[in-house]
Amino acid sequence: MWKFIVRRLLITTPQIVLLSAIVFILAQLMPGDALTGLIDPTVKQERLEELRVQLGLDNPWYIQYRDWVAGIVQGDFGRSFIYKMDVTELIGQRIVNTIWLSVVSVFFIYAIGLPLGIISGRYNDRLIDQLITGYTYIGFATPIFIFGLIAVWIFGFVLGWFPTGGSVAPGLDPGTLEYYLSKIHHVLLPALSIALIGTVGTVQYLRSEIVDTKQRDFIITARAKGASESRVYNRHIFRNSILPIAAFFGYEIVNLINGTVLIEQIFSYPGMGNLFLESIVRRDTTVAITLVLISGIGAILGALLSDIILSMVDPRIRIK
Amino acid sequence: MSKSLLGKFLFVLMLAFVLLIAACSDGSDDDSSSDEEGNEESSENEGEDEEEEEASGEGDQLYSIEDFSPTTANSGEPIEGGELTYGLVTDTAFEGTLNWAFYSGTYDAEILNWFDESLLGYSNEYRINDEGAATYEVDEENSSITFTIKDGVKWHDGEPVTAEDWAFAYETILHPDYDGVRGTSAGFTRLLGYEEYVSGEADEIEGIEIVDDQTITFHYDRLTPSLLTGGIWGYPLAKHIFEDIPVAEMSSSPEVREEPIGFGPFKVESVTPGESVTLSKFEDYWRGEPNLDKVTIKTINPSTAANAVETGEVDLVDSFPADQYADNADLEGVDWLGMIDQAYTYIGFKLGDWDAEAGKVNYKPEEMKMGDVDLRRAMWYAVDNSEVGEQFYDGLRWNGTTLIPPSHPEYHDDSIETPTFDPDKANQILDDAGYEDVDGDGFREDPDGEELVINFATMSGGDVAQPLANYYMQSWERVGLNVELVDGRLLEFNSFYDRVGQRGEDDPEIDIYQGAWSVGYDVDPTGLYGKEALFNFPRYESEKNDELLAEGVSEEAFDTEYRKEVYSEWQEFMVEEIPVFPTLYRSIVVPANERVVNWDITVEGTNTRYSEVGVTE
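One line per chain: the protein sequences are U and F, in this order.
Residue 147 in the UniProt record's numbering sits at position 147 of the first sequence, with consecutive numbering throughout.
Residue 123 in the UniProt record's numbering sits at position 123 of the second sequence, with consecutive numbering throughout.
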């Protein structure tokens, strides 16, 4: 298995290099640069030109790319033009929030999705199944930003149960219990919004897998041998039906880490998705390409993770 | 009902639901996405803001900025120990460069205002007065200005604010490693020894003389009125803290980002990067103890800003999406404050391009489509900007006349007659100038009989951008001019400015464009219309223009009456020449919770509003 992992990583390295070059060139081709936003009659253009030289923005792309790669090799991802701080530090601040949000979202996605999927599959075509399937259709049809806005409005403003923005209440000392409770409080509503909409795919997959597995020969055999209904479902059907869900797990996490831009926008949640969008619009290229690189690496690792999980839950699959 | 029938019935019902939801989400989709775009743009460019998030209101009610007061109604006395929440309306994080010398974003500036301030106070005429922490004296003979810092002005750590700190700010900003955008105003460039210091020949700036701890004299090569209207850098930099930090590292240092220092009415307690800042009262503030005990500044999303104000989650906000005003005008428990914005929207005509080698505009009207002033004047007559203001902006924007907006009442000359909507007159001018429809396609040809297609560039963003562009094009079509959008669509912000010429590479495709400028404290328009200004996007120049602009910042113009005359003449000259014509003047409207007192959004209010603001409950 280690061989497999190493081989996979070796294959992906050129992909990442290629990805970084493409992204870098595309970023260069975008009109404007980080200083375009500073068009202001009180700021002289001579100063902006000086700054362009100082920041190296006037160099051709291959020189900028070379400098950038040289920096990365030394662990220096450059400086954000907009935030005037190191990209690593900036992303460090944001990625913590995003990981929080993704972990809680993933937890809810499975906490909601697995039971619903199992019930729906086990009692398929009964009333409860139809209710659950109805929910999944509505979930598929509802755009997440509409759902998020409604959630903020109802639970944030009308009922006042949850804060309406930010990742933590202002003025708390990091490290205190209060601080962590506040973080959890802030993350609950966005995470639930993501989960309630995001889980419908899981429910549907699981349901159809279970319905499918129920009629397989080995289940009939198990029943014939006199296994109890709960044993049939928990041991035989569930373990076989969970495979596609497990295969998806890695991707799911990566998707969430790459950012849920819309939810982060609506909840003013300072995560990576927001940062990515902002860095593109404001032409903060160092930040944008670092983020693309991270998500590229994340996607590759996610695929790897999915394969590993799959090999663990399904003994029939052997990674060589 | 048999089982299969029930199933079919359920299926149809489900289908109906799905369609219903899809239909609902469609409309809202448009709303929210364009809203987002607009807001990104507004956060992106601090001084200059273009067509943003404004939209036409549902109702027919019109508002007038004259009905708004820039100060709170002050229904009661402020209580002791009050706490207030201040909202920054933005869907991006604030940068967190919390020092006047290094910041570049508006939201950072809003935060800075609470805990640090200029040593210079300003009047509503945007001139230095003695209300700030320093008083001034002008020595016209020696072309110098002497400032005296008042007693008891202290940094938050208890150290006194000294002349040394002020000089240190100049040395830092003019340092070659400095990474901010300041240092080009008259207050820097006119200092004696500026060139020598910037080029590294001198270690000190000759023109800065520290008389004693509280007194500093700036010597200039000559005095210009711009110095007293915002040209002088008034923010000291705490030398005892920043002295040991290399200039290149200052902007990312914890002294700027995590524990910023100032001498304003509040001290920074904590900064949550990009989200919020908490501040507490600075008891030794030089104007006296502030009214509030605690202030929390946090970002709120524009799409929920109205809710946040209504529920009292925030008491005050830095700005408010203008398209939401009409829907929220009657919010309970909320006062609306308003004043005229220091900005104008305009239509510009390309009259040349940029000569990068010479570093000046290359004005060549004879080669350009828009080179004929009669054509430009006719286009001004053809549009009804009063109607635009009422239909698109509920009256909160109105017809613009001259290039100095009424936010500068001293210099704005409202006696100047400018073209206003008169299509007959426009037709008349075009007929007389020889623009006739020769081939009978409904559009006029130019005097040589060549087909005339005018390419119009305008920015995307906000619900209004597209209909507004359509309105202008239709108005011009009505007088027989064929105006088309560049590329057939609205341009994204960055690409718009690249093509209009912010890097000096003007796109010859563009004949006219719609833009907006905000105007600084100083009215001097040289940075926008001078021949050496890259931001002179029309690429216009003339001798008389040069003369008037130079006259406006001359030593004689130190006399305000004379300066007014010069700028009146300039405004009138621009109405004759029409390199650009203003379309709309703008207003600022912000909500304030009724419990807030002593909040004043005027320039003069900047001096005292932070220390005096209080809450009644």
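Heads up, some of the hints might be wrong.
[As the list claims (entries may be wrong)] If you want the footprint, here are the derived chain F segments under chain U, 3+ residues with CB under 8 angstroms:
| id | region |
| --- | --- |
| 1 | 138-147 |
| 2 | 172-186 |
| 3 | 563-574 |
[Claimed, not checked] Every beta carbon over 10 angstroms from chain F, so not counted as near; a handful from chain U, in silico:
| id | residue |
| --- | --- |
| 4 | Leu18 |
| 5 | Val23 |
| 6 | Arg47 |
| 7 | Val73 |
| 8 | Tyr83 |
| 9 | Pro115 |
| 10 | Ile119 |
| 11 | Trp153 |
| 12 | Asp173 |
| 13 | Ser208 |
| 14 | Val254 |
| 15 | Leu304 |
[Unchecked claim] So the derived label-pair ranges between C-beta atoms look like this:
| id | chain 1 | residue 1 | chain 2 | residue 2 | range |
| --- | --- | --- | --- | --- | --- |
| 16 | F | Glu164 | U | Met30 | 42 to 48 angstroms |
| 17 | F | Glu556 | U | Gln54 | 45 to 51 angstroms |
| 18 | U | Trp153 | F | Glu77 | 33 to 39 angstroms |
| 19 | F | His240 | U | Ile72 | 34 to 40 angstroms |
| 20 | U | Leu131 | F | Gln474 | 37 to 43 angstroms |
| 21 | U | Ala70 | F | Glu249 | 18 to 24 angstroms |
| 22 | U | Ala70 | F | Asp284 | 38 to 44 angstroms |
| 23 | F | Gln474 | U | Ala21 | 44 to 50 angstroms |
Hints were generated in silico from the structure; no laboratory data involved.
The structure presented is a predicted model; accordingly, all values stated were derived computationally and were not measured.
The beta-carbon is built from N, C-alpha and C at its ideal position, and this holds for glycine as well.
Verification of the supplied hints:
1. 138-147: Answer violated; 0 residues pass the 8 angstroms Cβ test.
2. 172-186: With 6 residues in contact (Cβ-Cβ under 8 angstroms with chain U), the coverage given for the region 172-186 of chain F holds.
3. 563-574: violated (count 0)
4. Leu18: Holds: least Cβ distance 26 angstroms, greater than 10 angstroms.
5. Val23: Since the minimum Cβ distance to chain F is about 17 angstroms, Val23 of chain U lies beyond 10 angstroms and the statement holds.
6. Arg47: The claim breaks: Arg47 of chain U does not keep its Cβ more than 10 angstroms from every Cβ of chain F (closest is about 5 angstroms).
7. Val73: The assertion about Val73 of chain U holds, with a minimum of 22 angstroms to chain F.
8. Tyr83: Incorrect as stated: the minimum Cβ-Cβ distance to chain F is 5 angstroms, not above 10 angstroms.
9. Pro115: About 23 angstroms separates Pro115 of chain U from the closest Cβ of chain F, which puts it past 10 angstroms; holds.
10. Ile119: Non-interface label on Ile119 of chain U holds, nearest chain F Cβ at 18 angstroms vs cutoff 10 angstroms.
11. Trp153: It is violated; Trp153 of chain U is separated from chain F by about 7 angstroms at its closest Cβ, not greater than 10 angstroms.
12. Asp173: Asp173 of chain U is in fact no farther than 10 angstroms from some Cβ atom of chain F, at 8 angstroms.
13. Ser208: Consistent with the label, Ser208 of chain U stays out of reach of chain F, its closest Cβ about 17 angstroms off (over 10 angstroms).
14. Val254: About 23 angstroms separates Val254 of chain U from the closest Cβ of chain F, which puts it past 10 angstroms; holds.
15. Leu304: Leu304 of chain U is indeed farther than 10 angstroms from all Cβ atoms of chain F, at 32 angstroms.
16. F:Glu164 / U:Met30: 42 to 48 angstroms: About 45 angstroms separates the Cβ atoms of Glu164 of chain F and Met30 of chain U, which means 42 to 48 angstroms holds.
17. F:Glu556 / U:Gln54: 45 to 51 angstroms: violated, 38 angstroms
18. U:Trp153 / F:Glu77: 33 to 39 angstroms: Holds, since Trp153 of chain U and Glu77 of chain F (Cβ atoms, about 35 angstroms apart) stay within the stated range.
19. F:His240 / U:Ile72: 34 to 40 angstroms: Roughly 38 angstroms apart at Cβ, these two residues keep to the hinted range, so it holds.
20. U:Leu131 / F:Gln474: 37 to 43 angstroms: Taking Cβ atoms as reference, Leu131 of chain U and Gln474 of chain F lie about 53 angstroms apart, which means the hint is violated.
21. U:Ala70 / F:Glu249: 18 to 24 angstroms: Because 21 angstroms falls inside the window, the suggested range holds.
22. U:Ala70 / F:Asp284: 38 to 44 angstroms: 49 angstroms Cβ-Cβ, so the 38 to 44 angstroms window is violated.
23. F:Gln474 / U:Ala21: 44 to 50 angstroms: Holds - the Cβ-Cβ distance for Gln474 of chain F and Ala21 of chain U, about 47 angstroms, lies within 44 to 50 angstroms.
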